[in-house]
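Taken in order, these protein sequences are the chains called Y and G.
Just so we're aligned, residue 57 is where the first sequence starts under this note's numbering, counting upward by one.
Just so we're aligned, residue 72 is where the second sequence starts under this note's numbering, counting upward by one.
Simulated from the structure, these hints should not be mistaken for lab results.
Warning: the hint list may mix true and false statements.
Here are the in silico distance ranges between beta carbons for each label pair [to be verified]:
hint, chain 1, residue 1, chain 2, residue 2, range
1, G, GLY135, Y, GLN254, 22 to 32 Å
2, G, SER229, Y, SER58, 20 to 30 Å
3, Y, ASP214, G, GLU218, 39 to 49 Å
4, Y, ALA70, G, ALA129, 51 to 61 Å
5, Y, ARG84, G, GLU190, 45 to 55 Å
6, Y, ALA229, G, THR223, 19 to 29 Å
7, Y, ASP214, G, ASN153, 22 to 32 Å
Even glycine gets a Cβ: it sits at the ideal position worked out from N, Cα and C.
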Amino acid sequence: MSHLSEEQLDQVIAAERSREQAPLNEWRTIAARAREEGLIRESQSSRWWASSQPWLQSAAAVLLLVGGIAIGRATIGLPSNAGLQSTAQASGVSVTPPASTAARVPAISASGDASFASVNDAAETLHRAVTDYERASQFLAANNTTGGNSDSLSMYLDRAAALDKIVNATESALRTAPHDPVINQYYLATMGARAATQQLVTQPVVLRGF
Amino acid sequence: MPFDQLDLKRAIAGDERAMQRLWSQHAPHIDAVVRRLCDDSELAADISQEVWMQIFRALPSYRGDSLFGTWAHRIAVNRTLNALRKIRRIAKLEVDIEDDSAMTEQDSDRTFVAESIEEAMRKLSPGARAVFVLHDIEGYTHGEIGEELGITSGGSKSQLFKARAKLRKLLVHLVDESSTVVVKGKGHVAPV
Numbered sequence: 057m058s059h060l061s062e063e064q065l066d067q068v069i070a071a072e073r074s075r076e077q078a079p080l081n082e083w084r085t086i087a088a089r090a091r092e093e094g095l096i097r098e099s100q101s102s103r104w105w106a107s108s109q110p111w112l113q114s115a116a117a118v119l120l121l122v123g124g125i126a127i128g129r130a131t132i133g134l135p136s137n138a139g140l141q142s143t144a145q146a147s148g149v150s151v152t153p154p155a156s157t158a159a160r161v162p163a164i165s166a167s168g169d170a171s172f173a174s175v176n177d178a179a180e181t182l183h184r185a186v187t188d189y190e191r192a193s194q195f196l197a198a199n200n201t202t203g204g205n206s207d208s209l210s211m212y213l214d215r216a217a218a219l220d221k222i223v224n225a226t227e228s229a230l231r232t233a234p235h236d237p238v239i240n241q242y243y244l245a246t247m248g249a250r251a252a253t254q255q256l257v258t259q260p261v262v263l264r265g266f
Numbered sequence: 072m073p074f075d076q077l078d079l080k081r082a083i084a085g086d087e088r089a090m091q092r093l094w095s096q097h098a099p100h101i102d103a104v105v106r107r108l109c110d111d112s113e114l115a116a117d118i119s120q121e122v123w124m125q126i127f128r129a130l131p132s133y134r135g136d137s138l139f140g141t142w143a144h145r146i147a148v149n150r151t152l153n154a155l156r157k158i159r160r161i162a163k164l165e166v167d168i169e170d171d172s173a174m175t176e177q178d179s180d181r182t183f184v185a186e187s188i189e190e191a192m193r194k195l196s197p198g199a200r201a202v203f204v205l206h207d208i209e210g211y212t213h214g215e216i217g218e219e220l221g222i223t224s225g226g227s228k229s230q231l232f233k234a235r236a237k238l239r240k241l242l243v244h245l246v247d248e249s250s251t252v253v254v255k256g257k258g259h260v261a262p263v
């Protein structure tokens with residue numbers, strides 16, 4: 057035989073068409089070019105986060121902690137004051153409970169009424185609070201999984217979609233005022249709530265402890 | 072993970088992770104068409120870089136009228152053909168068996184069939200290869216190919232006829248005595 061038939065060639069072509077092929081370049085090569093051309097931009101929030109003081113990062117983390125708890129409690133219909141206060145007290149931070157559902161992100165007192173000896177002392181307390189929060193969250197996620205159902209999943213999906221819109225808005229606001237602490241707080245609180253919601257979407261649970 | 076509108080916005084804004092997700096999802100197909108249109112893997116890698124830069128530059132102009140993959144694929148074909156034109160590799164449309172010494176290194180994990188068809192495609196003229204790849208592998212019509220290559224629809228058909236005739240001859244070793252297309256190490260594809 058000196059030639060393939062047309063059908064045989066079609067068969068070879070079909071095999072070639074469906075063949076998986078690796079990319080011709082590595083991402084870092086593409087990324088380097090894109091960065092050179094200014095197509096990749098370091099996010100303003102990342103820059104702010106990386107350059108800020110450690111105590112400021114800890115403060116933002118606690119804001120996330122308290123804000124997340126407040127949002128979570130409001131969502132499942134529980135009063136927010138007691139847990140919020142106790143958690144805040146445990147971390148040595150004075151928290152003003154939200155006056156309405158429209159003000160779910162609590163304000164942190166700037167008066168310094170908690171007795172800290174120094175900025176470092178306060179930063180260490182904040183760090184401990186964050187660590188405790190992470191450990192407690194992991195424990196609850198692993199051990200308190202009753203009550204999850206399709207309704208809660210639907211609710212979390214709706215929340216995740218709504219939070220995406222808020223993230224977009226706050227990202228836009230950050231471009232206008234990249235160093236504004238209030239805008240950064242809103243942005244960080246939203247990002248934290250979204251990350252927590254995404255975890256709940258993958259494993260919807262009702263946290264009875266809050 | 073599907074590339075959604077939110078990722079698209081982030082990629083336009085210069086978010087590296089969003090851009091990487093876009094690249095990871097579409098690079099295998101986009102790079103495949105670049106690789107097939109070129110006869111040199113090093114050149115294909117260079118052109119692929121240009122293709123992806125052009126895709127990222129053009130992201131703000133993507134309106135969602137077609138699937139993202141289709142839109143990006145069109146950019147890849149245009150960019151590759153333009154690059155090949157620039158280096159005068161597509162001027163000659165006659166079928167021309169080239170010297171075997173132009174062969175480049177081959178990945179060890181490619182199948183016998185894949186290696187054979189790649190080798191055979193390299194032996195087509197650039198124009199015939201472009202027509203063959205775009206029509207038989209990428210599914211373009213002769214009219215679309217004519218527009219891309221600046222030739223008539225009839226010219227495209229003629230090139231395809233010549234390309235297929237040559238490939239049928241060049242790939243005859245894929246058929247054993249029982250008229251079955253074989254894949255080395257994987258047995259037979261199917262009897263014909």
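Hint-by-hint comparison with the structure:
In this structure the supplied range 22 to 32 Å holds for GLY135 (chain G) paired with GLN254 (chain Y), their Cβ-Cβ distance being about 25 Å. Between SER229 (chain G) and SER58 (chain Y) the beta carbon distance is about 22 Å. The supplied range of 20 to 30 Å therefore holds. Checked against the given bound of 39 to 49 Å, the beta carbons of ASP214 (chain Y) and GLU218 (chain G), roughly 46 Å apart, stay inside it. The beta-carbon spacing between ALA70 (chain Y) and ALA129 (chain G), approximately 31 Å, falls outside the hinted interval of 51 to 61 Å.
At roughly 30 Å, the beta carbons of ARG84 (chain Y) and GLU190 (chain G) sit outside the given window of 45 to 55 Å. With their beta carbons about 55 Å apart, ALA229 (chain Y) and THR223 (chain G) fall outside the hinted range of 19 to 29 Å. Take ASP214 (chain Y) and ASN153 (chain G): their Cβ atoms lie about 46 Å apart, and the range 22 to 32 Å is violated.
Taken one by one, the earlier hints fail for this structure at numbers 4, 5, 6, 7, listed in ascending order.
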